[in-house]
Amino acid sequence: GENVEQHPSTLSVQEGDSAVIKCTYSDSASNYFPWYKQELGKRPQLIIDIRSNVGEKKDQRIAVTLNKTAKHFSLHITETQPEDSAVYFCAASTGGAGSYQLTFGKGTKLSVIP
Amino acid sequence: SAVISQKPSRDICQRGTSLTIQCQVDSQVTMMFWYRQQPGQSLTLIATANQGSEATYESGFVIDKFPISRPNLTFSTLTVSNMSPEDSSIYLCSVVRRGTTYEQYFGPGTRLTVT
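Chains A and B, in that order, give the protein sequences.
Number 134 marks the last residue of the first sequence (the working numbering); no jumps.
Number 116 marks the last residue of the second sequence (the working numbering); no jumps.
Among the clues, some could well be false.
Said to hold, decoys possible - Part of the chain A face toward chain B, derived, beta carbon under 10 Å:
#1 62
#2 64
#3 81
#4 107
#5 127
By construction, these hints were calculated from the structure, which means they are not laboratory data.
All values reported here derive from a predicted model rather than from experimental measurement.
Note that CB positions come from ideal geometry on N, CA and C, so glycine has one too.
Put together the whole structure using the sequences plus the hints.
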């Protein structure tokens, strides 16, 4: 089955700096890669996703890149703000054909220092 | 996104008992899933809740321990049976909305503590 590795497990940045979280996956059939943000005591929230036919996707201060050949994808947050502090999870799915199961990485705890 | 609710939001139960968690969505969805998130850990898929048929369980999870029902397109239940302290976790349902392809949205979760 799919295996998703996520690094780093913790990340501290100064407010205004950029943060990068990286994930690798094992199943070359995976074609959908979402990122979730989970604040303490809250549900995971989908913040951005990318499909395997796209190399990069941006949404304001957040971007995700995908390298299918190397089987890795990354989350980039620019101009970080204290409210970006949370645990971020990457995930992978083979998607389609009735199969939408997500395999999650272990998470990255991001702390943005004011 | 769909409005997803779960009941109860939290519970404290004694070992050996069972708890049924409900997941209700305000619109029809194509897929419903149940996940477990142990304290400080990532999310692990328990099973896919199939409408009108038996759920599809992931490795390490069995129907006798986690029976699941999904009688229609907007509602599902997960029962945690014969509980032990190791079952203390947050249990979350997630859905894929009708008309979308892959995006999964999570319910608020049920925080279960087994004493």
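Hint check, failures only
Hint 3 is the one this structure does not satisfy, whereas the remaining hints hold.
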